[in-house]
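**Student:** With chain A fixed as given, assemble chains Z, B and P with the ligands onto it according to the hints.
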Amino acid sequence: MTTCVLEPCIFELSRAGAQGVSLPQDEEDAPSVAQWLPQEMLRDASPRLPEVSQLEAMRHFLRLSQLNHCIDKDFYPLGSCTMKYNPKVCDLYGALEGLTRQHPMTPNHLSQGSLQVMYTLQQYLADITGFDAVSLQPAAGAQGELVGMMMVKAYFESIGQSHRTEVIIPDSAHGTNPASAAMCGFKVVEIKSGKNGLIDLDKLKAALSDKTTAVMLTNPSTVGLFEKDILEVSRLVHEAGALLYYDGANLNAVMGQAKPASMGFDVMHINTHKTFATPHGGGGPGCGPVAVTKRLAPFLPVPVAEFDGEKYFLDYERPQSIGKVKAFYGNFEMMARALLYILAYGAEGLAQVSRDAVLNANYLRACLKGDYQVAFDQICKHEFILTNAKQKAFDSHLNTMALVKRLMDYGYHPPTVYFPLIVPEAMMIEPTETESKATLDQFIAAMKAIAEECRNNPQLVLEAPHTTPVQRVDEVAAARNPDLNYFKPSQSG
Amino acid sequence: MTTCVLEPCIFELSRAGAQGVSLPQDEEDAPSVAQWLPQEMLRDASPRLPEVSQLEAMRHFLRLSQLNHCIDKDFYPLGSCTMKYNPKVCDLYGALEGLTRQHPMTPNHLSQGSLQVMYTLQQYLADITGFDAVSLQPAAGAQGELVGMMMVKAYFESIGQSHRTEVIIPDSAHGTNPASAAMCGFKVVEIKSGKNGLIDLDKLKAALSDKTTAVMLTNPSTVGLFEKDILEVSRLVHEAGALLYYDGANLNAVMGQAKPASMGFDVMHINTHKTFATPHGGGGPGCGPVAVTKRLAPFLPVPVAEFDGEKYFLDYERPQSIGKVKAFYGNFEMMARALLYILAYGAEGLAQVSRDAVLNANYLRACLKGDYQVAFDQICKHEFILTNAKQKAFDSHLNTMALVKRLMDYGYHPPTVYFPLIVPEAMMIEPTETESKATLDQFIAAMKAIAEECRNNPQLVLEAPHTTPVQRVDEVAAARNPDLNYFKPSQSG
Amino acid sequence: MQNFLPHTDAERQAMLSVIGVEHIDALFEDIPASLREGITYHSLPTKGLSEPELQDAISRWAARNQGKEMACFLGGGAYNRFIPSAIHNLAARSEFYTAYTPYQPEIAQGTLQVTYEFQTMICELTGMDVANASVYDGASAVTEAALMALRLTKKKRILVARTLHPDYRQVLKTYLKGLSMVELVEFEPADARCFAASDERVACVILQVPDYLGSVENPIPIRDFCKASGALMVVSADPVSLGLLKAPGDYGADIVTGDIQPLGNHLSYGGPYGGYIACKSQYLRQLPGRLVGRTTDKNGTVCYTLTLQTREQHIRREKATSNICTNQALNVLKATVYLTLLGPSGLKRVAEASVRQAHTLAERLLTMPGLRRYQPEKPFFNEFVIQLPGPVQPILRQMEQRGILAGIDLARFYPEIENGLLVTCTELTTSEQIDRYVTAMKVALQAAQGAELPKGSMEAACS
Amino acid sequence: MQNFLPHTDAERQAMLSVIGVEHIDALFEDIPASLREGITYHSLPTKGLSEPELQDAISRWAARNQGKEMACFLGGGAYNRFIPSAIHNLAARSEFYTAYTPYQPEIAQGTLQVTYEFQTMICELTGMDVANASVYDGASAVTEAALMALRLTKKKRILVARTLHPDYRQVLKTYLKGLSMVELVEFEPADARCFAASDERVACVILQVPDYLGSVENPIPIRDFCKASGALMVVSADPVSLGLLKAPGDYGADIVTGDIQPLGNHLSYGGPYGGYIACKSQYLRQLPGRLVGRTTDKNGTVCYTLTLQTREQHIRREKATSNICTNQALNVLKATVYLTLLGPSGLKRVAEASVRQAHTLAERLLTMPGLRRYQPEKPFFNEFVIQLPGPVQPILRQMEQRGILAGIDLARFYPEIENGLLVTCTELTTSEQIDRYVTAMKVALQAAQGAELPKGSMEAACS
Ligand SMILES: Cc1ncc(COP(=O)(O)O)c(C=O)c1O
Ligand SMILES: Cc1ncc(COP(=O)(O)O)c(C=O)c1O
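Each protein sequence line maps, in turn, to chains A, Z, B and P.
1 is the number of the first residue of the first sequence in my numbering; add one for each residue after it.
494 is the number of the first residue of the second sequence in my numbering; add one for each residue after it.
987 is the number of the first residue of the third sequence in my numbering; add one for each residue after it.
1450 is the number of the first residue of the fourth sequence in my numbering; add one for each residue after it.
Just to be clear, a hint being listed does not mean it is correct.
Here are the simulated lysine-lysine pairs, BS3-like style, with alpha carbons at most 25 Å apart [stated by the list, open to error]: (1) A:K187 with P:K1729; (2) Z:K680 with B:K1141; (3) A:K392 with P:K1747; (4) Z:K704 with B:K1033; (5) P:K1517 with B:K1054; (6) Z:K981 with B:K1033; (7) Z:K680 with B:K1140; (8) P:K1768 with A:K187; (9) A:K187 with P:K1603; (10) P:K1517 with A:K311; (11) Z:K680 with B:K1142; (12) A:K488 with P:K1747; (13) A:K488 with P:K1729; (14) A:K488 with P:K1695; (15) P:K1605 with A:K488; (16) P:K1729 with B:K1033.
Simulated from the structure, these hints should not be mistaken for laboratory data.
For reference, chain A alone in the conformation it holds in the complex (with noise of 0.2 Å):
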């Protein structure tokens, strides 16, 4: 039996000359370029990129391809991630050269197809937030919460409060929280969360102050919990003088139900690449529109896609903006899938988008909570916390990570491990809207079966996983001797 070799390094496959792509020759007499450009800026030596026929690279990137796990072939229950199917017929947008090929400086009235876009896009977010203007700017959830926040310094300055310096975020909170407030130049101040893991009123009074500019709260929480204090909590940050920050991670959990300018938030941010569906391409690109009050509107990054009854049109008249945070507009392409995905499941669909998302999670919460403790056993929203409670009497060694990293070898992505902070030891699961009963009884079938596994044969969880095309990585030497690049395999760090 052969070894599981992976697929070598493409340095190692190149050989001088090969080309994966036929270029058009130069003419005979074509003029050398080097007259043009000065002789102490041209290359000395090429860059060593690899050099290999098409059919290598091909097999190259299939066979790394196949090392991957991807939600086309199976079920990744990661909190906080929405990892939902995007339909194929977005991809028709890949075969649109109307759209592909369309320069981001073509004039307006040439662009009017991608204007249409954007501008339909701005109205509908507008609507399923429920807020009064839309940037599509942002290239991502954590640039939209930092477009969020400096929109929010913006607009104090504009009224004479500077002296406001602080953002009061949840220790609950994910990272992107405090650390898009920190780039702002925002002091941030954590609470605790109560015991529930939701806002601790008490804390958030006592937080609170001239000081403050913004409060910046996940809602339903990042432990899957609505905050259902959360006019209160609306009234307590109006009150002290300060906004309410929306992180809309969690939004797939409500539409239809509540909108977030309903309960009282100024601004928001939405990740289309989880909520609709934009696909995730191994980590990105994403699109994290931010969503506001007519009182910030004045603020957005500019341009925005306006329409004046008759064109579209890029309007950057708009003196108080903060500017812009990416060149151009934004990741247009996911704007386009995103209004796909809106436009596919038209306002009853979505609300049932958000019904089924959270029907799922309680029904996996229900069926798994013998096995394994839950953190907030009580109805959930569209996710849950799981932790290792119950395993780890069994033997200490099984953390919560031994236990997902055995779900591998049953065909699963692990969940969310410990996040959110404030839960020791959590699995958080969200199995989105678009997993079938028959995927869910599966899954909770192989989770029932390690938990007998823990009970009966706790080394084979902790040796996990077993199946994979690679096994227990060694992380610490990786940290210790960065290796980061083939040609420097050694850094100083």
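**Tutor:** Just chains Z, B and P with the ligands now, kept in the frame of chain A:
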């Protein structure tokens, strides 16, 4: 560890009410179609087609796909099949609605693009083969053979020689040759090959008579050797008043070296899915153009693409035509892909294709002959034959099938086995020109390792494959109790 | 220019020395010098085109076709149907697209299982017991069915409906020409006399349902005739129609054939499509083409394999059931994905929408003076024949100028139907297109009445 | 309508009973009733569109854009380059397209290894030691580099060339606004005085090579200034140019950034593209974004994993090097395949052809009376600035009518360049397009001289 469970049959995944694609809703007041159709012709029960969500369908077929070997993943040394790499630029076809959405009955003046493709390909194939006229209509090589034989028949009828009823075919020929001749009503006269797997001139002379319509040859022959006496063969055949048919499956060996028409052939087919790289798609589709001399041109199937100096058109005015063998005009997409392929290489490139194909075959032969018996050990063309002669000395069970099954464990597709029939235990290896030296060297290493295993550990080989999704499929049971239909698993047969 | 060839010259030289020759020409010395001398491909470009140039070339071909911008009322065996996007994504996967015929089941379970699923789906649609892995197209399918019938019944007479697709009839004729003594007789289904008395000489009767002209006729008289005559009943059927219409097996067919193009395959100017053949299990051994069977492997895992290969040319040579080798596997994949995505209700809906649009258009056209339906008493599916008051071609040219491909001129195929135009609707036909069709037809008829046509359109008519 | 939701109503009910509630609404009772009451999405269609309707919608959007039919002389940070077809095939594979961030290395080696290969290629192009797995785009890349420099030097002054892409400068400004005391100073690279004396306050100097106006300037004075001032030298560079031009690391850059759009990524009206950042290894700990490292697994197999994650927000929260989480992984894949297919000679050829076409066009334009090049003494790469004798917009409208996107009007970005037009060529620019450009420009200039423009084009000019 989980056991390897393959994918369930799609019908097992079916759930009443699920659907994989959303279709337009009927309008509220849409009339029932029952009024327009005879009641007794309407279905009583629905067909049991699967009912699954789009995600379930995607996962099912994606998982199935990953169970396949393919040329884009690894080497396919399949003799006679010319499994070369298909340049991905040809895939652009699928994105161009001007080509994909053209209905075959669109009038000529609105189909100039398609007709230009057909006309140009006809011209190029005529040039490459040296013939005068080409029909692109046959769907594959076998249908090309049939068309060729039909034309031969029509020709002899046209000159009043209907008494000719025999076709001479060497015993080394591909099974389609006798089958095609038989479908055409001819009597097949098989002649034994000479010692080198080539035509035995004496046997040929003996077989030729005034009953002979045609001799069907493959050149290079199916043992991978050029018929060195081809000019003499041609003289003999024509002296007997018969015609000479060229099975073009091995055209990949002689481009830029010799044209079949110059060799003395009168008619041939081309497998574009071999020589010109339209991909195999798991068994098809292909395209099997026929090329003929002036003498046979009047008999070509209708229509033929023509050009009047201004416009392309389909010519049906061919009174002596054999008729049609396919609805419409053939596998048009394959024609477009073959034309792109020819354009990608140009005249010099095609000559290099054959040089490299032959180089690769001889390189493998030279490197493997120490470990395996080469059936005809001399300079070969694009393929050559090994046998198990050396290996069976170690263990009489080490037949060709065992050897090649073991090759799968090394990641390779087996060579063509037990063909041609004239070489017992044949393994026919055709590397094609798109394989790099590195790939060939790895394959050689694998073959040598297997030779070593045969010596030292024959059991390992005899029980192979060990790493494939399934192993040693029970083909006897499959044939004895044919289960060809999920809902009717047992057939009387 | 490297094209897609991987070797560098240095590698070539290294390989030659391993072989033991100095120059590549040494590998071609067995080819007579007279053949090699002065060989050129003068009509081809000397050097290959680069990839940007190839991209450009194919885009220009596409741009020179006008079909896709027009409203398409063409049918006649090739249908402009909705193709779910997921099909392309799956069919483009290298694992399906660049795999060879699944002769080695250990590493071809993907293609094999898909084919088994396809066979089952075709049986469900047709009401048959077994189906093969495809033949070339609907024409070769019905032809192979006729050949099956000849072998099975050992009789020599084939009755074929004149309403079978004209191309299919031509293919049948071409194939049968080779076989001595076989008699091919065309009949007019409307002519009840054909089947009044049984005929022991008949091997099979071939009909198409719905027929080429769109009509759905009662097949029972033919079924009864076949029963009485010991002939096989062969039905050619658009698989989409079988989402709504009775499975031919349910009204007595012995062999059912057709083309799977409408199941998720591109129009592509006529191909590649794919033929299906399904039959009752007693005819299995005479079924041509590949068959996939379900079995188990040495570990007991359920798996699939090509089976009953002794019917095929690579084993049986001149005694094989057919010469077919390469088939239409990728089209089969697309059809299987299509049927999986649509399911029974989706397929039915597609069929219904097509029927509904065709009847809507027909009804509106038939209110126009001068237009008649051919054989108006017959029920029809999604196609129908309109008889125009004058020649068809000038009307088609007029309609084209309004962006409409109005139908197929029946003059070549059915000269007996005066000024006949075959008009097709599918589920993609929109109400707006129907409106445009009706308006354009009015204008075209008026122009035609206005005696002389403008010069330009007459010229176009001759091309 | 099922859309893409898998459950049937029966299944929903069954699941509710397992949960122990009767109605789905019971799962939403924790949401205040006041929020739930009367909620509607009035601007959305009530029901989802079917797939045929969606296919139609997206085709209509595409048809309303005119860019692809026109000869494109637009550049300015987004380039109309040749994209090898193999890229699409690979990027469309579900295993790449629908995978999540590779947090679990056991089942993400594909994405991880591709990223490692990308990091290496970027280092080869830039002459740096390490590169990250991407940031959002060229603008955020240069901005993150500036933030790195602030952290590394603990200084507060940033000098940025006025010839850095105007959007990038705007983004930089927007990001820096939040940070107190940081001073952003624009300089004019042509102005030698800027760097005459060293300045200890400077954290970094940011320049673009070739710059936004296409010029290739001598970076040595700035390099010397940085050395003397203890400032970091940050260079933003089009990666295609680095196939021909010296790696910035070779002339002293500390951090190199840019946008990978030109490496096989679609124009797509501005995104998604992808930013790269590469730096010397001593700055590694301040590099933002994901990094992939090579290591081994428990069996000793070479493998890849995300590493040094303590720099990132999910570990370090407000102390992270950046807030970035989702990045541009799929664009990275495309760039990696692009560079693999082209190799060093292909990339060089693409760069050379672009330079050659730009110079051909420039030379021909500069023979035309009234046209001048801005700063004609400077060498340029594949872009250059032409100063027109009059306003740019009417000329652009005229050129558009001849199917040409003639360039970027610099009025908004560089009002100091009177009537400036940035013109770009790439390897896809054909000689025929250059001829058309020259002819159209002649006509347009004549029309402009003829005082009044025709009415239609004036209207268009205002849109
Ligand atoms: C709760 C939460 N907030 C913010 C983000 C950041 O979004 P993005 O990755 O799109 O930048 C995420 C993404 O994982 C998240 O889960
Ligand atoms: C020598 C030879 N002849 C004929 C054929 C038949 O060609 P096709 O499969 O295209 O019908 C083949 C294909 O395998 C072959 O190898």
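**Student:** Going through the earlier hints one by one, which of them does the structure break, listed in rising order?
**Tutor:** 1, 4, 6, 15 and 16
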